[in-house]
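> Quick mapping for you: the protein sequence lines, in order, are chains A and B.
Sequential numbering from 1 applies to the first sequence in UniProt numbering.
Sequential numbering from 1 applies to the second sequence in UniProt numbering.
Hints are computed from structural coordinates only; laboratory data are not their basis.
Every residue, glycine too, gets a C-beta built ideally from N, C-alpha and C.
Be careful, since some hints might not be right.
Said to hold, decoys possible - Only some residues are given here: those of chain B computed to face chain A with a beta carbon under 8 Å: (1) D77; (2) L104; (3) F113; (4) L126; (5) N333; (6) I336.
The chain contents come next:
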Amino acid sequence: MSQAEATTRDTTEARPRTMAAKIGSVMQSQGALVMLVVVCLMATLRYEAFLTSENLLNVLRQNSMVGLIALGMTFVILTGGIDLSVGSLLALAGVVAAYLVPYGVFVAVLGAVAATTLLGLVNGVIIAKAKIPPFIVTLGMMIAARGLVLAITDEKSVRIERTFADFIYWGRGLIGDFLPVPVLILLLAFAVGWVVLNYTRFGRHVYALGDNDEAARLLGLNISRTTIGVYAISGALAGLAGVILAARLGAGNSVEGAGVELGAIAAVVVGGTLLTGGQGNVLSTLVGVLLLGVIFNLFNLEGQISPWWQPVLRGVILLVVVVIQNRLTKLK
Amino acid sequence: MTNEPLLRMHNIRKVFSGVVALDNVSLTLERGEVHSLVGENGAGKSTLIKIMTGAYMRDGGDMFLEGKPANFRTPEDAQRAGVVAVYQEVNLLMFRTVAENIFLNREPCRFGFIDWARMNRETGELLKRLGLNINPKATLGSLNIAMRQMVAIARGVSLGAKVLVLDEPTSSLTEKEVGILYEVIRRLKAEGTAIVYISHRFDELYAVCDRVTVLRDGKFVATRSLKGLERIDLICLMLGKQREELEKKGATAFDEHQPVNNNAPPLLAVENLTRGRRLQNVSLDVRRGEILGMAGLLGSGRTEVARAIFGADRTETGRVVLNGQEINARNPNEAIRAGIAFLSEDRKAEGIIPDWSVRENLTLAALPALTRAGVVSRKKQNEIVERFMRRLGIKATSAEQKIRELSGGNQQKVLLARWLCCNPKFLLLDEPTRGIDIGAKGEIQALVNELAKEGLGVLMISSELEELVEGSDRVVVMRDGQLSAELRGAQISQDSIINAMAEVNQRLDS
């Protein structure tokens, strides 16, 4: 046993990079959190309106949809994949929900989520079984699902009557007069996501798959099942986001959600999840969503500058984070 | 109790698209036995192992595990039955913890949720049982290669392995780490596990194995007890040669060297290379036509010397003079242009591009010379490829075969050819025959010898003493980043090299 000890010590000597790598990995996992805290502190000092429960809940509510999608995207990216179809699936869910609302709120919600879950499943099956890169498969789904929505709605939005208050509640309701329903859904979804990733076999296999898919296969994992699972989850959460959006707008709109996939990917990456998979978690995604959301909020509070600077800043932050991640990965 | 062995493979046959890979091969494993499987590349070792562990299906013959017929369709089948392989390239998850790697897919759960506390505890107990001091919560990537390999073995054990196959387990371990492996093997043996141990290093076979089965060209040659089996007899079995024949030639394919003129000016002179603690004032010279052997334990700075000469690592001080001209390469490109070639130790990571053809791999370094106005001359390329394939005896179906399909020895020859077609003046060879079967080894050794005769200077780093003793005109020994000895002529022997290397430990002890 002392032999083993000696060897471990030798290794630490032989690899002086370990310390730097440690700091690096902390920076990578917590960098977004540090940035979020700094931005919030600055905002608090500068804008009186920032640190009010109203404003903060508003930020959360505005970001609940991209947040849900980013949660699903986290699962996908942890396996080393990508899902570009979520924007189209969001629109599809909104439209399906709007059509189904007359049959009851649960039919509407379940029907919408089931539809997008099914398409997510199709993504997963093609990726896992036909071994086609996720980028291509979900790009195809993105185009096809968007076309499907436009075709069935004839490019019009599907109105949801005010009388369906149960459904509208999903987007506009308040719990205890202050907590917006979408925020509750978002927080619940993240809590469930966290438990699934950390405390279920499926969750650990998601990590294993992104870590080294060949090793995972040789270690006896059912890779197809895990792959199909994450795309189904991504589809389901995109559907849920679509339901919330439709409930909020009072309509299922066929052109909604274009570009939302990129916002979600940005949030996941900014949070610190590696695009190559295997490393990251849902909490860091939440931080990423909030960081980008707060920056958006600040532009609103500032009011004076052109709103187009806001995507510029988002983009720059994304690039900076990815460059830093890349360097840190190399350090290891 | 039954007398039935733990595992019995009888008259195993395997055919790959018409080519017989295994023909009537038999193997028995007893409980608590370490059984070595040896043979040249192409002997069928890995095919046999793959059949044993469910990666291939056999085309004929029978297999029995504990007396019951065993027909594994997949590696998972075999694992479930207790036959587990731990491969040379450790296939584990770098970002995950030790415990997760060991319990992957069998994570202990409570009410459907992973019981981390139990998983870590059981991992700790398992590692302790194997005499390993590894933190179950450490991420695998933070461990060194040796410990990763131990984790892979521990995983096999935790799967309930009755038969554990270790394929080249020591190829990337230091001496000390090999000791840890032996300890693990000893404990498993005591528990009744049968271990199939595949290694090219005879020292290891004799150190840990009880019996050896020799395969040659897909056929069973013999199973012998290693006790009382002389090395030379074992080599004879592997090569299918008579003992008398081999003794005349020696075990390696280097022939006698003509004495090199010691007064001739050096082709390569290296002075005072220093890089931190890894290299301290290393000076050496090599004459035209000379093979300078370099010995040393892993980590002694052997590879670092070669990398420094090649410009792959910057040194703090030092001069490199080739052919009277100071080169001091700051990067490999400069060294290559000056006429230095470096065949690195790690073929897979630094040398071959697996999915490229033999032709593409072979001409990679020579491309600038074959290119006119940005267009590669295919005709010249083919000429060169053909010439070197013939000269080096590269065995491939054609120049267009993907290099990853070639045996290790042939891959190495392609890499050597890659450098030779750039007409180098000096060859840096780092472990040129590591992991290569005896036949191909001999061919490469003969080739190096021939190249030296043609006037190249060679620095040959090797951890195989036989190779150094028989192949070198002079031998220098590295120790803790310094040159510790230079041996010439009659001084060169395995004993004297070991003595020079061994001084390290004495110093550390005092």
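> A separate judgement is required for each hint: does it hold in the structure or not?
Hints, one by one, checked against the model:
For D77 of chain B, the shortest C-beta to C-beta distance to chain A is roughly 10 Å, which exceeds 8 Å, and the interface hint is violated. Here the hint on L104 of chain B is kept, as its CB sits about 5 Å from the closest CB of chain A, short of 8 Å. Nearest Cβ of chain A to the Cβ of F113 of chain B: about 4 Å, under the 8 Å cut. The hint holds. Proximity of L126 of chain B to chain A is violated relative to the hint, the smallest CB-CB distance being about 14 Å (cut-off 8 Å).
Hint status for N333 of chain B relative to chain A: violated, with the closest Cβ pair at about 21 Å, above 8 Å. At its closest, the beta carbon of I336 of chain B sits 25 Å from a beta carbon of chain A; the interface hint therefore is violated under the 8 Å criterion.
Checked against the numbered hints listed earlier, the structure breaks hints 1, 4, 5, 6; every other hint is satisfied.
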